[in-house]
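Asks: Below are the chains, spelled out letter by letter.
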Amino acid sequence: MKLEYSGQEKVQADPQKVWSFIQDPHKVASCLPDLKSVDIKDEKNMVATVGVAVGPVRGTFKFNIELDPKPEENKMMVRIRGGGLGSAVDLTASADINGQEDQTTLLDWNGVASVSGPAATVGGRVLDAQAKRLIETVFANMGKKMAEV
Amino acid sequence: MSVQTTNLEPKGIQGLGKAIKRKEDPRFIVGKGNYLDDINLPGMLHMALVHSPYAHAKILSIDTSEALKVPGVKAVITAKDLAAAGLSWIPTLAGDKQMVLADGKVLYQYQEVAAVFAETRQAAADGAAAVQVEYEPLPVVVDPYKATSPEAPVLREDIKGQMTGAHGPRRHDNHIWTWNVGSKDETEKALAASEVRIKQHMLYPRSHPAPLEPCGCIGDMNKATGRLTVYMTTQAPHAIRTVLSLVTKIPENNIRVISPDIGGGFGNKVPVYPGYVCAIVGSIVLGAPVKWVETRTENLTTTGFARDFHMDIEIGATKDGKVTAMKVYTLADHGAFDAAADPSKYPAGLFSICTGSYDFQKAYAEVDAVYTNKAPGGVAYRCSFRVTEASYLIERSMDVLAHELKMDPAELRLKNFIRPEQFPYPSALGWTYDSGDYEKTLKVALERIGYYELRKEQAEKRAKGELMGIGISTFTEIVGAGPSKDFDILGIKMFDGAEIRVHPSGSAIVRAGTRHQGQGHETTWAQIVSEELGLDVDKIIVEEGDTDTAPYGLGTYASRSTPTAGGAMALAARRIREKAKKIAAHLLEVGESDVEWVDKKFVVKGVPSKSVTMNEVAFAAYTNLPPGLEPGLETTYYYDPPNLTFPHGAYVCVVDIDKGTGEVKVRRFVAIDDCGTIINPMIVEGQVHGGLTEGFAMAFMQEIAFDEQGNHLSSNFTDYLLPTALETPKWETGHTVTPSPHHPIGAKGVGESPTVGSPAAFVNAVVDALAHLGVRHIDMPITREKVWKVLRQAGIDSF
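Chains as they are written, first to last, in the working numbering: chain E, 14 to 162; chain H, 50 to 848.
Simulated from the structure, these hints should not be mistaken for laboratory data. Be aware that one or more of the hints could be misleading.
[Claimed, not checked] Only some residues are given here: those of chain H computed to face chain E with a beta carbon under 8 Å: (1) H100; (2) Y103; (3) H635; (4) L762; (5) N765.
[Claimed, not checked] Calculated Cβ distances over 12 Å to all of chain E for the following chain H residues: (6) G370; (7) S556; (8) T767.
[Said to hold, decoys possible] One side of the interface only, derived from the structure: several residues of chain E facing chain H at Cβ under 7 Å: (9) M14; (10) I35; (11) S100; (12) A101; (13) L104; (14) A126; (15) S129; (16) T134.
Where is the CB? At the ideal position from N, CA and C, for every residue including glycine.
With the sequences and hints as input, model every part of the structure.
Replies: Here it is as structure tokens:
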């Protein structure tokens with residue numbers, strides 16, 4: 014099942030703060046909802062175990078997360094691959110990081126995810142709503158944590 | 050509304066035609082059936098399978114270390130382990146081979162990748178969830194029409210470049226076979242010369258038998274004796290034993306297959322599934338019994354699907370409605386492996402019955418089978434090997450032709466039926482129909498439903514803008530596979546066996562190579578024996594499903610039990626009667642030629658007062674024999690039927706459609722079946738009710754669907770709907786009787802007629818309701834959404 018989302022989020026932090034935040038895997042991981050554990054491999058790679066509930070599919074998923082910052086393009090790329098409970102998720106997302114005059118940052122983002130297995134087949138009818146909520150939560154957490162920095 | 054119900058008969062010597070209660074029901078009603086999951090053996094382990102989330106992907110690695118740490122988990126196996134035993138791939142019934150556990154790649158979503166063995170079912174499931182598999186996704190083929198395009202990825206790399214398969218040449222790596230029958234040239238000439246021609250594309254969607262009890266097995270290898278006992282939800286225990294012996298190299302005498310009570314099969318429980326092989330391997334390796342019972346999702350996503358025939362038909366006719374020729378092309382989506390359960394010589398099953406009940410002088414049918422990234426199957430779901438697809442095709446097409454000719458569909462059918470005097474009728478596609486009276490059966494159905502009054506009502510309703518439709522289906526089936534000259538599975542001829550042992554007290558045990566799953570054999574076989582031997586039906590026990598005791602037979606599917614094992618049962622009884630006659634003559638102190646079988650007794654010719662019963666003869670068979678005669682009264686008969694049987698029926702359906710919501714309400718459904726001699730009318734009526742309900746589900750509710758990535762969208766009962774009493778219409782049943790001239794008791798088989806015949810009646814009724822809006826065809830399942838869209842397209846947007 015293919016899912017595509019895009020949007021804009023305004024973060025109460027200047028671009029420099031945003032860049033330093035999103036290039037730190039520890040900080041990025043801390044924004045994931047229901048994070049059970051995280052294993053930081055290096056500054057660009059980590060393995061995160063998170064709690065997932067898509068309809069009747071409930072349990073933990075393990076994700077390989079690759080952060081691929083491209084400061085020269087003002088762009089952040091993220092690739093997430095993994096799954097659990099017989100399901101698989103393959104997600105590629107990117108965000109343009111645009112500083113605003115009021116010292117805030119506008120994230121112009123989009124993501125394409127491919128979901129396979131019971132999460133798509135059994136959880137298919139609630140997957141879209143769950144994915145949207147997940148994205149909202151990640152951005153809300155990021156906004157909150159960046160503003161705290 | 051009149052609904053026919055069958056009156057129950059009192060007990061006693063009950064032969065054919067008696068509606069006695071089913072002998073097997075008391076144990077089911079009180080919860081004392083013995084299903085696979087009821088069997089628990091000492092020290093038994095449980096197995097769970099790891100499934101692929103991807104429809105097509107390379108397997109990069111499988112890490113079982115975490116699974117082995119789960120408390121209770123004893124072992125995990127993958128294809129590598131099976132390869133050591135030569136069991137990573139197994140032959141399919143269709144001449145292909147299939148992976149047991151994914152070997153290097155996965156070819157469909159939910160494909161089995163690893164098996165986990167544990168002390169409890171829960172631990173096995175936890176272990177399966179802990180197996181880590183790394184995949185590299187590959188491009189997916191979902192649409193069978195794209196399977197053989199130049200840019201399609203090669204699915205079966207194991208046979209890449211092998212351009213000849215089990216059924217002839219392959220023209221693409223994703224092409225399996227082409228099969229054809231009839232004369233193409235003559236058919237095309239006849240079509241070209243026809244005054245009227247119709248063409249129609251239609252899909253018989255992928256469906257699934259979805260028996261309420263899923264598949265399962267217990268492998269129990271006794272290392273001390275070297276004997277493997279397999280309890281399995283199988284419709285064909287003997288064939289399974291032979292296949293297991295061939296695959297595992299364990300001598301057949303050291304394998305015992307026991308098929309316990311089965312909660313519905315419908316063709317789903319014919320093939321050998323990877324789970325069976327893994328449970329057996331697990332038992333051999335671990336030295337303990339291993340039980341595997343599928344989940345609902347496993348059943349719907351991995352075990353044998355049915356149909357998935359994409360059909361194009363062309364029919365020629367004269368202006369006044371006499372059919373001249375038909376040409377059919379079908380693309381069959383077989384999924385990742387060709388595991389269709391068809392007789393060896395018939396890769397497209399008995400699809401060539403597609404000329405139906407009509408006198409086509411010329412016909413040609415061609416079928417191409419292709420691989421896609423879907424589960425394998427192509428089982429005969431309550432169907433005699435693709436007869437359902439064929440019947441739907443011709444019955445839907447006759448309505449399309451009637452529409453084109455502006456002719457009443459009943460009149461068109463009456464004009465083209467094979468007439469009673471034409472039997473035995475050689476069809477243009479090579480079958481010899483045994484008997485039938487199609488006109489009579491249709492007229493009974495039309496009369497019962499009040500067809501011509503309904504047509505008047507329809508015209509009045511149309512004038513008021515209301516939508517009402519009448520659909521007819523006058524199908525002919527082909528069942529009872531089959532005669533050994535043409536029919537075999539893996540070389541084993543498709544005869545069936547029956548054994549009868551009459552005990553001294555006049556009771557008996559009878560056994561058959563078939564295995565009922567709700568068909569009522571424990572009653573009908575007893576009735577046949579009761580009829581032939583004059584024994585009390587309650588003193589006859591029927592036993593099936595244990596290969597150590599039952600005579601060899603190919604099992605129960607495709608409406609074959611009564612035509613094959615039913616024939617064997619009657620002929621075994623007659624063989625016993627021959628011996629009994631010698632004993633009777635001895636008891637009556639007359640010559641054998643002076644004794645005749647009258648009213649279920651041996652009587653001295655011309656002296657009706659001098660007689661002995663079979664009970665008396667049975668006692669004498671063990672106590673008072675004529676000199677030189679072998680003691681005992683038992684026999685085994687293997688019946689090789691001379692021909693198939695051709696049941697038929699006429700179904701008429703009336704629907705009303707809600708213009709606002711697209712909801713179709715089945716107002717009435719009359720089903721007149723002709724299955725030849727009826728053994729037990731109550732059981733026939735029950736079979737017809739069940740089959741009509743399944744046909745209704747296919748027509749309106751069910752489809753095994755996939756998204757473009759090969760995700761299975763029908764993996765549970767909220768997505769794949771089963772009709773309940775709430776949705777199911779009221780059925781009005783009846784019958785005509787045209788006995789089969791070659792079957793020992795004239796019976797033809799009925800289990801599948803209603804599933805085969807009814808879908809076209811439903812669809813024809815819906816299309817008939819919408820025909821005046823320019824609608825000519827709608828593919829199943831006819832959901833409200835589909836009808837609603839059709840209505841909106843036709844400009845109807847008001848309530």
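Asks: Please write out, lowest number first, the hints stated earlier that are contradicted by the structure.
Replies: Result: hints 3, 8, 10, 13 and 14 break, sorted rising.
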